[in-house]
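Undergrad: With chain H's structure known, arrange chain S on it following the hints.
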Amino acid sequence: MAGELSGAAEPKMTMEWTMKLGQKPVRRWALRAGGAALLVWLSACSTTRLDAPAPVEDRRPGSSAAAAASAASGSAGLKGDSAQGVSETRVAPVDLGAQGSAGSSAADAQARAQRVVYFDFDSFSVKEEYRGVVEANARYLNADRKRRMLVEGHTDDRGGREYNLALGQKRAESVVRAMMLLGPKEVQLEAVSYGEERPAVAGNGEAAWAKNRRAELKDNP
Amino acid sequence: MVEQNNAGRRAALKSLAALSCLAGPWAWPLAQSQFRVEISGVAATQVPITILKLRDEDKSPQSVSAIVRADLERSGLFKLVDAGAVAFDESARPNPADWRGRGVDALTAGSVARLADGRFDVRYRLWDMVKGSELAAQAVAVPREDLRLAAHRIADEIYQKLTGERGVFSTRIAYVSKSAGRYTLWVADADGEAAQVAVAGPEPIISPAWSPDGRSLAYVSFEARKAMVYVQEIASGKRRVVAGFRGSNSAPAWSPDGSQLIVTLTRDGLSQLYAMDRQGENLRRLTTSSAIDTEAAWSADGKSIFFISDRGGGPQIYRMPAAGGAPERVTFAGDHNISPSLSPDGRWMAYVSRQAGAFRVALMDLGTGAVTYLTDTADDESPSFSPNSRLIIYATRSGGRDVLMTTTLDGSIKARLGAPQVDVREPVWGPYGR
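Sequence order for the protein chains is H and S.
Take the first sequence: its letters are residues 0 to 220, numbered as in numbering that gives the first Met the number 0.
Take the second sequence: its letters are residues 0 to 433, numbered as in numbering that gives the first Met the number 0.
So that you can see chain H by itself, here it is in the shape it has in the complex (with noise of 0.2 Å):
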């Protein structure tokens, strides 16, 4: 795949693609997704980023979001390029999360506006109520790869503090790993713990412990 790309490519980011297609088994969505970010740099790069609220989701060149990317990026002129530089062998990946979204960003808007995974007592697994936060955010970290974010778990207060930090933590790591799953990249993601000292809702019983059974995503300037 080296040399495929031309253009304002950095050689690095596609070395890096290229080791790690010849290393393992790379899920075809993520290398779509991957692709697709790829191509959003580049229709980028001259002057301005997109910008955060506004996520694109379809970036295959020439469908209308890709080019309404490139005209709210400001970069006039753009708007062939990304189609002229690319291979007549290359394949442009489609992101089934992107694409099923594509219809209404306002929900992705909205779960991306939802920073809160909630879990049951004594438990670290997300929930498929919360599968949205995950891939709407994970979405968020793919569309740009400088772009970070920190995933802060949190317990009740029942028990001993260190413990707790752990339990945090676990939360965390598994919020991070199912976003992992959906292409962001490990330096991208933190995962952190506060275990008990920042609880949501203070008070006891279990509406209040509900509430501070959590994992919070942040961004990461």
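It should be emphasised that the hints constitute simulated quantities derived from the structure, not laboratory data.
Please note: incorrect hints may appear among the correct ones.
Covered, in the sense of this in silico footprint (three residues per stretch, anywhere, with C-beta under 8 Å from a C-beta of chain H), are these stretches of chain S [said to hold, decoys possible]: (1) 80 to 92; (2) 202 to 213; (3) 222 to 236; (4) 246 to 256; (5) 332 to 341.
For each label pair, taking beta carbons as the anchor points, the in silico distance ranges come out as [what the hints assert, rightly or not]: (6) G202/H with T367/S: 38 to 46 Å; (7) A199/H with A322/S: 41 to 49 Å; (8) L180/H with D344/S: 51 to 59 Å; (9) A199/H with A325/S: 37 to 45 Å; (10) S258/S with R157/H: 32 to 40 Å; (11) D300/S with R197/H: 49 to 57 Å; (12) R157/H with F87/S: 56 to 64 Å; (13) E232/S with K217/H: 28 to 36 Å; (14) V85/S with V200/H: 57 to 65 Å.
Quantities reported herein were computed from a predicted structural model and do not represent experimental measurements.
Glycine included, every Cβ here is placed at the ideal spot set by N, Cα and C.
TA: Only chain S this time, still in chain H's reference frame:
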């Protein structure tokens, strides 16, 4: 350091102090209640002692005799007898028969004089009224800010002469308070008084740990938006990060010789134990489980490391050789045992055990494995042994507040410390010497 002339009394005191409490716990405020110490329970026998006001102590910033009385009273082993209007200093020769007639077995008198250089000359004598002999006599010159310490040292000396055990009144404790969204790590006298700020800020502070030489504190601070371990020199305030790896860094534990720290790191994905030198260098991993391993605590001889692990389901306490080797499980009663603290004499382990939903301080005899539960409260945390292995300080919830308590090893004498209006937690007892 057994003294022949008091061996009998000391032996009696030791065995009596080890007995369980009698008629149920009850509390009364100290006569000198400026220290806000509340004691419940009482030993079966107490030494009746009179501590006279030191001559001219009212002219100095601290009431030395009041501090001595409070220390001895908190131990539960002394009954303070008021002498009324009697007043004399260390140069007197009190009549033993007079004092035995008042029911007093021991007597202290002394003086405080201000020196030309601004220091204070503190003198006292301790008499055994049963034998009619002098047990101790001391004179020491101290700067003003060490007057409290001088009083605690007098209490230690009296305690040692009359019980045969080394006193801990002149040691220090560290603890964390939370008030109006602000977290403060304090260093205070063992009576909870004269607290000074070591570090304060808007982010949580947990898990303080004294270096064995008493000069530094390791602790976990969230000021960098995640848990990191800092080591701070108490006298200078100089501090540095010793563990700031990826993820959370916590639970610092000093080796008994002060050369190493064990910390809990999540840099490899799960909470595991790592050792490093006290500068934070030479990191090596100690545990390799796929569970949570944390809360390391060294045995007093430095040969074993105790820690908690949930590799068997719920968290339990394990022990492994410090030089490396397979951990073996230590706690078997209950499904949730955490926060081990080892006594300096190597005989005991205090920890927190969840029993019927309540978190209570438990004590294990390491020789026999027998376990006793020391409290009736439900939210205990952070037990820590005094350097003479005779007392345990811990935090609990009382009257809607987080408070600090000390207890004797049989649970019979408990004292509450600290300002009652502030939530205090995470106490840890410092070593001998300052």
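Undergrad: Now tell me, hint by hint, if it's right for this structure.
TA: Hints, one by one, checked against the model:
1. 80 to 92: violated (count 0)
2. 202 to 213: holds (count 3)
3. 222 to 236: The restraint on the region 222 to 236 of chain S holds, since 3 of its residues have a Cβ under 8 Å from chain H and three suffice.
4. 246 to 256: Coverage by chain H holds here, the residue count being 4 at a Cβ distance below 8 Å.
5. 332 to 341: holds (count 3)
6. G202/H with T367/S: 38 to 46 Å: With a Cβ separation near 42 Å, G202/H and T367/S satisfy 38 to 46 Å, so the hint holds.
7. A199/H with A322/S: 41 to 49 Å: Since A199/H and A322/S have Cβ atoms about 44 Å apart, the given range 41 to 49 Å holds.
8. L180/H with D344/S: 51 to 59 Å: Because 52 Å falls inside the window, the suggested range holds.
9. A199/H with A325/S: 37 to 45 Å: Because 40 Å falls inside the window, the suggested range holds.
10. S258/S with R157/H: 32 to 40 Å: With a Cβ separation near 36 Å, S258/S and R157/H satisfy 32 to 40 Å, so the hint holds.
11. D300/S with R197/H: 49 to 57 Å: Taking Cβ atoms as reference, D300/S and R197/H lie about 38 Å apart, which means the hint is violated.
12. R157/H with F87/S: 56 to 64 Å: 57 Å, holds
13. E232/S with K217/H: 28 to 36 Å: 33 Å, holds
14. V85/S with V200/H: 57 to 65 Å: 60 Å, holds
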